[in-house]
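Since the structure of chain R is already known, use the hints to place chain Y on it.
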Amino acid sequence: MNYRGPYRVRADRNMPMPRIEHSGDAIVRVTRSCICGSDLHLYHGMVPDTRIGTTFGHEFIGVVEEVGADVTNLKVGDNVLVPFNIACGKCVFCEQQLFGNCHESNSEATAVGGIFGYSHTAGGFDGGQAEYVRVPYADVGPLVIPENMDHDDAVLLTDVVPTGYQAAEMAGIKPGDTVVVFGAGPIGIMAAKCAWLFGAGRVIVIDHLEYRLEFVKNYAQCEAYNFRSLEDPVLFIKKTTDWMGADVCIDAVGCEAAGSAFHTITGRKMMLQSGSAIALHWAINAVKKGGIVSIVGVYGPTGNIIPIGNVVNKGLTLRANQASVKRLLPKLIEHVQAGRIDPKAIVTHRVPLEEVADAYHIFSAKLDNCIKTILIPPSARK
Amino acid sequence: MKKIQNDFSHINGWGIDADPLDVPNYPMKKRTENDNKGMTWERPAQQAQLVEILHSNERPTLSAVFGTPHPPTGLSGKMRRWAFGFSESHVMHWLGLLLADRVQIMEGIADDLKSGHVPNLFEEHGGKAELKHNAAGFAGKVICTAAIVGLAVALLRRR
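Top line first, the protein sequences correspond to chains R and Y.
Using our numbering, read the first sequence as starting at 124 and increasing by one per residue.
Using our numbering, read the second sequence as starting at 30 and increasing by one per residue.
Here chain R stands alone, though its shape is the one from the complex (with noise of 0.2 angstroms):
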């Protein structure tokens, strides 16, 4: 796929063919990628240095196709998911486990590791979106596919699904505790179905779009409401929790969240503050004194209107980061193959590569239903 400005983008077969640039390099054939809701902040322009030409894409699996000199852990024809973090494994916040906070893997900015497909700010890397892409640290990131795995099922493993368990991890749920997953996309659907996983005693969903609130609700057994309806979900959070807050809240919406005029204005279409802030705002206020805010919702790099007198007044503690791919994955599969998380149920769409400018705007728009698409390049249709 081809970037070509805000909301356009193209299937174009003269892409160049990416080449091994490093001794630990790999070249993988995309068998299939995922569109995620944080691509859509760069499809809407909104992500500062999306270059023309860029090709999305950071959810993917596929088969080795080279590998560079120093790769030992893989071989031409092995089958691999690709987290989307680009991790070296060897600074000192890889060290630490946090690969999504590599300090070797993106010149353009301190701020964020790279991540494949994610504009310059997140290392200038081309994404999975395509039938090659290179991958840098092939030793380090990839992890072969166990024989066992629906491949469906591994595609959701490079982002959705670890984003989903951290944002519960990080969230620091106590047996019994009510938590509030602000957003039904793809990311607040896994988040609330991990929840219990931690022990939660109840998970309510937030969101304004019936058909994902209807889909959340059977997939992760939990209530879901629709914040058109509630008149203000801070009181409503408030009422339906003896007026204390909920323990745990989680943003799993980002810079694109709908619900506040104001927020809209400023931040989606004047561009005045890092997007709409609107779901940080709500679980900022509907969680009770003490508790603790998580965030996996992207927002962009300069700021934006939140309250934080109150995350003070309130002795909030606040917690957020891209996930830990790598240090989450063995957990990960361990869960969806004992079936306590079933990835593939939330897909909804499968789109040959070469429609990716419908697929696009189908997500975009949520025409059809739609939850979560996955991308089919040509060769991995045959």
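Treat the hints as calculated values from the structure; they're not laboratory data.
C-beta atoms are modelled at their ideal positions from N, C-alpha and C, and glycine is treated no differently.
Treat the hints loosely; a few may be bogus.
Which stretches of chain R does chain Y cover? Using the computed rule of at least three CB atoms under 8 angstroms from a CB of chain Y, they are [to be verified]:
#	segment
1	139-153
2	197-207
3	218-228
4	238-249
5	269-283
6	370-380
Here are the simulated DSSO-like cross-link-like pairs (lysine-lysine), alpha carbons at most 27 angstroms apart as the crow flies [stated by the list, open to error]:
#	chain 1	residue 1	chain 2	residue 2
7	R	Lys-505	R	Lys-297
8	Y	Lys-59	R	Lys-213
9	R	Lys-340	R	Lys-467
10	Y	Lys-107	R	Lys-505
11	Y	Lys-143	Y	Lys-107
12	R	Lys-361	R	Lys-467
13	R	Lys-412	R	Lys-437
14	R	Lys-297	Y	Lys-59
15	R	Lys-454	Y	Lys-58
16	R	Lys-489	Y	Lys-66
17	R	Lys-467	Y	Lys-161
18	R	Lys-198	R	Lys-454
19	R	Lys-489	Y	Lys-107
20	Y	Lys-58	R	Lys-437
21	Y	Lys-143	R	Lys-489
22	R	Lys-297	R	Lys-449
23	R	Lys-489	R	Lys-454
24	R	Lys-213	Y	Lys-107
25	R	Lys-392	Y	Lys-170
26	R	Lys-297	Y	Lys-58
27	R	Lys-505	R	Lys-392
28	Y	Lys-161	R	Lys-412
29	R	Lys-454	Y	Lys-161
30	Y	Lys-58	R	Lys-449
31	Y	Lys-59	R	Lys-449
32	Y	Lys-66	R	Lys-392
33	R	Lys-467	R	Lys-454
34	Y	Lys-107	R	Lys-392
35	Y	Lys-170	Y	Lys-157
36	R	Lys-449	Y	Lys-161
37	Y	Lys-58	R	Lys-213
38	R	Lys-489	R	Lys-467
Using the frame of chain R, we list chain Y on its own:
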């Protein structure tokens, strides 16, 4: 207050990752002996730099690997170089990059035309999907656009 249920037997894996003795149970910073030593780790081999790579002025050198597609070019490239003169903490860094992104849209169209490719804006915007899944909305947009254009033409003619 809605009562919290007591029976979670219908949820496969409920509480399997809960550890009441591990408080707080979210991942805490793992201190290592290298924590306070700065950038002293054994760096991976450095990727050869064959194209221009802009790097944040909050780091001394390039990272060991980097993406090479789409190096800065043209007016947008000049704007990006200027923006990288500011730190990531400075709003001009990000505003400069966002403006460069907008300028590069026009450069991209010019490049397409120079190479003999006329962009199919209808398809690139996902028009086929809009027609298929939201025909009424599509018709509304067409009518709205036609009305605005018609009004503009009428106003211009009156002058």
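Against which earlier hints does the structure fall short, listed by number upward? Violated hints (numbers, rising): 2, 5, 6, 7, 10, 12, 16, 19, 21, 23, 24, 27, 28, 29, 32 and 36; every other hint is consistent with the structure.
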